[in-house]
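Build out the structure end to end from the sequences listed, making use of the hints.
The lines below spell out each chain.
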Amino acid sequence: MLPNIVSYARFRYLWLALLLIAASMALYFSQATDGAQPRNGGTWQGYTLGTLGALLIVWLSLLGVRKRSYRSAMGRVQGWTSAHVYLGLALLVVATLHCALQFGLNVHTLAYVLMCLVVLSGIYGLYVYLALPGSLAANNAGRDIAASSRELEDIDRQISRLAARGDADLSAVVDSALELTRLGGTTWTVLRGRDRSRVRVGSTAVDNRDQSAVIAHLASRVPRASRRREAELLNELLDMFGRRQVLLRRLRRDARLRGLMQIWLFFHIPLTVALLFALVVHVLSVFIYW
Amino acid sequence: MQLLLRRRSGDGQGETLDHELSGKTLRLGASARADFQLPGLQKEVRVSAGRNAILRLSCRTAALQRDGALVKTTTLAPGEAVDAGGYRFRAFAAPTGFDAGLEITGDANYISVLTAEVQRGIRPWSTRRFSWLAAGLILALFLILPFLAIDNPAVARFTSLPGIPDDRHWSSGELSSVHRAAGVAEDCSACHQKPFEMVRDGVCTDCHQRIREHADVHEFAGLDLPGERCAGCHREHNEPARLVRQDNPLCTDCHASPDAWRDVSDTELLAVHAFSADGHPEFRLSRWVPDGDGAAHGWRLQRTRAAPATLTDESQLKFNHEVHLDRDKVQTPNSREALACASCHVPKDSGEHFEPVRMDTHCRDCHSLNFDPFDPQVELPHGNTRAAFEALEAHFIREFTDPELRAERSVQKPRRLPGKRMGEASCEGSGLDCGLREAASEARYQFAETGCVTCHEVSDTGADTPIDRWFVHPVKLTVDWYSQSRFSHQSHLNLAGRSGDAICLDCHAADTSQKATDVLMPAKDNCLGCHDANRQSVAVDCVGCHQFHRPEGTPSVEVRDL
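Taken in order, these protein sequences are the chains called X and R. Start counting the first sequence at 1; every next residue gets the next number (full-length UniProt numbering). Start counting the second sequence at 1; every next residue gets the next number (full-length UniProt numbering).
Hints are supplied without guarantee of correctness; some may be wrong.
[What the hints assert, rightly or not] Quick look at which bits of chain R chain X covers, simulated, 3 or more residues with Cβ under 8 Å:
{"hint": "1", "stretch": "135-143"}
{"hint": "2", "stretch": "172-184"}
{"hint": "3", "stretch": "194-200"}
{"hint": "4", "stretch": "512-518"}
[Stated by the list, open to error] Once the Cα atoms are required to be at most 25 Å apart in a straight line, the calculated SDA-like pairs of lysine to any residue come out as:
{"hint": "5", "chain 1": "X", "residue 1": "K67", "chain 2": "R", "residue 2": "R120"}
{"hint": "6", "chain 1": "R", "residue 1": "K24", "chain 2": "R", "residue 2": "G68"}
{"hint": "7", "chain 1": "R", "residue 1": "K194", "chain 2": "R", "residue 2": "V155"}
{"hint": "8", "chain 1": "R", "residue 1": "K329", "chain 2": "R", "residue 2": "P290"}
{"hint": "9", "chain 1": "R", "residue 1": "K72", "chain 2": "R", "residue 2": "S131"}
{"hint": "10", "chain 1": "R", "residue 1": "K43", "chain 2": "X", "residue 2": "Y47"}
{"hint": "11", "chain 1": "R", "residue 1": "K72", "chain 2": "X", "residue 2": "I263"}
{"hint": "12", "chain 1": "R", "residue 1": "K318", "chain 2": "R", "residue 2": "V357"}
{"hint": "13", "chain 1": "R", "residue 1": "K72", "chain 2": "X", "residue 2": "Y47"}
{"hint": "14", "chain 1": "R", "residue 1": "K194", "chain 2": "X", "residue 2": "Y47"}
{"hint": "15", "chain 1": "X", "residue 1": "K67", "chain 2": "R", "residue 2": "W132"}
{"hint": "16", "chain 1": "R", "residue 1": "K72", "chain 2": "X", "residue 2": "H268"}
{"hint": "17", "chain 1": "R", "residue 1": "K515", "chain 2": "R", "residue 2": "A182"}
{"hint": "18", "chain 1": "R", "residue 1": "K43", "chain 2": "X", "residue 2": "A146"}
{"hint": "19", "chain 1": "R", "residue 1": "K72", "chain 2": "X", "residue 2": "V65"}
{"hint": "20", "chain 1": "R", "residue 1": "K318", "chain 2": "R", "residue 2": "D501"}
{"hint": "21", "chain 1": "R", "residue 1": "K348", "chain 2": "R", "residue 2": "N494"}
{"hint": "22", "chain 1": "X", "residue 1": "K67", "chain 2": "R", "residue 2": "V244"}
{"hint": "23", "chain 1": "X", "residue 1": "K67", "chain 2": "R", "residue 2": "R128"}
{"hint": "24", "chain 1": "X", "residue 1": "K67", "chain 2": "X", "residue 2": "F267"}
{"hint": "25", "chain 1": "X", "residue 1": "K67", "chain 2": "R", "residue 2": "T127"}
{"hint": "26", "chain 1": "X", "residue 1": "K67", "chain 2": "R", "residue 2": "F130"}
Treat the hints as calculated values from the structure; they're not laboratory data. Keep in mind it's a predicted model, so treat the numbers as computed, not measured. Where a beta carbon is used, it is the ideal one built from N, C-alpha and C, also for glycine.
Have a look at this one:
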């Protein structure tokens, strides 16, 4: 089943957008090509398309305001978002017809490029909204982050307790593995799902990506264990680190998926604001030098 | 501020320790300079007092978690709480002696730091700061700076630096090549003189001083021709460059229905829709017509809407095109070949009209004006009747007053030449009388029988003196037969499969014309053969033949808003 913002009110806004595109095309092609001007933003049809585009941009930007006004009676946010998606896509056509594919190194093309970037980031946003929640739910297997972190805390407490039973060297390695575990980090690290965890073996901290270094270290100690108790301890620790590995993977993937779902807004919103101001410059500059 | 800080360890289940802190702003964190140590708290939290026991908590970055949102600053009334880095900060009503109370629970162990990081999600930059930065840059660089530079030379110097945007970035398209000239192309204010004001016509006429309106604006005052801005038709900054309107509506918007606006007395303007058999009226032929007998009152340019074949050329010249194009009758003096059209009609550089046909350059080789078989080198001057008479008199008086010449002439009889009068062999009387008599008879011969009269209309006034007796009608050849249109002979001289005179004769039937009164101009039908708008042939727009800015129009500098 399609999510509601796509199929809202039986694709009402899809039809509205298609109607808008058809009307814009008709307006565009009604421009005489043999007249005083080629098809462009300066004919009355061009001005009409431009006004339509500007109104669309302003209205599309208002979604951010509408989302925050919980008491608004102006339609449901779902409906607004559905219209936002379809009319935003239609804007791409309207604005392109307005400029008639005339580009240059000027403020007008700047506004156009910003608009394209906003729409493209929006398309990405729509894609992740449609594609990622399923992966996110599958990854978390019904657990929320709080539960997972409680589980991690529990495992780590058990590991600490177990490590205290080993010799000083072992407990130093294990403690450092816990302490130097990293889940988050920079945005880039989160989005790439990079694991910057380290572990201190001896005097140097080595890469402990996916807990593999500490697991390898523990495994290498098993054959060298002089007493049975030590071997049992190592086995228990290996078991715990195995569980920890799975848990960390899940948390990291969770962070990555949610990062991918959030990142586009860090472009979409500032670019929208930039677009609004570029639009003002575009309109004003046309009339300053009329 | 006196703050009662209550620290509860663990999840609030553990022991509780109260601390008294004083200071204007208190720092809680993990660093050495903190007023109160909270191990593992990465972002230092600063606490200051507001009014009515309200606490103000702030963080350098948005690390305070309140109602699900991350903020940099928040206020806490007693009972309210905020989370940061694994700790929970809750304000409570402090006992007397304290300004406020703050309870801290939780533990920033590395796991809570880890999961807080995961929970917080990504934050590559502040959306708000990025938005304002982008908006500010766009406004400053692309609007404010270029706008200030219009009137401020100091700012203009700055924006002219490479890489700094200026008002040229407001341009919506390239200038047409003719305007990419020094002083215009680089300086927007050369044309855009006042912000928010359309370009005035005076800016155009500053350079285009000789441009004229479409018509006499006083005669057509009702049309308000100067009311239409130059830029109404001449749109700059358009891609592809299109400075001059080529479309038919430029003309047909008005000329399709002239009844709607023309003066009722002007019946010559007929409706035009396109260049087709029924969409365009027959051409109006322009001819010079003599006013009065022998153009006594000068010449009138007469424009007549009629088939050229029904009209006569009133130039007063006698000429037979057919004879001159007949190889058997006329040949070139040197190569003895047939004359070609171009022997006399040489196009001007404009490609539209022709260099004038002149007696001296085109006719004299065959039609020499010698008159005395004794002295064939002597020719009459052309174009001046009085000078011709005087030359005749001077010639014959000299001949009859010089005894040697007179004797020689009476003995020798020259060979008789066709078209030449045989002069008197001998004359009884004074040299002056004989000379004048001989001159008068030669004049009669030249003006009435052969000579001038071959090509010119000559009237015999019957006066006594020869100089008053013969009147040669002046000649005025029409140069521009269709004065309201433009035509390029150049571009029509390469008609497919045709060459030489055949191309000329396609439109001008000179090879069958026997009289100079024949008008050899083609009519509309001739043009329609190729250019009929209804037949998908080689279409021509109105401006292909007609000019909008006509010579008859009022000079624009006189009537436009300058």
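- prompt: Which hint numbers doesn't this structure obey?
  reply: 4, 6, 8, 10, 13, 17 and 22
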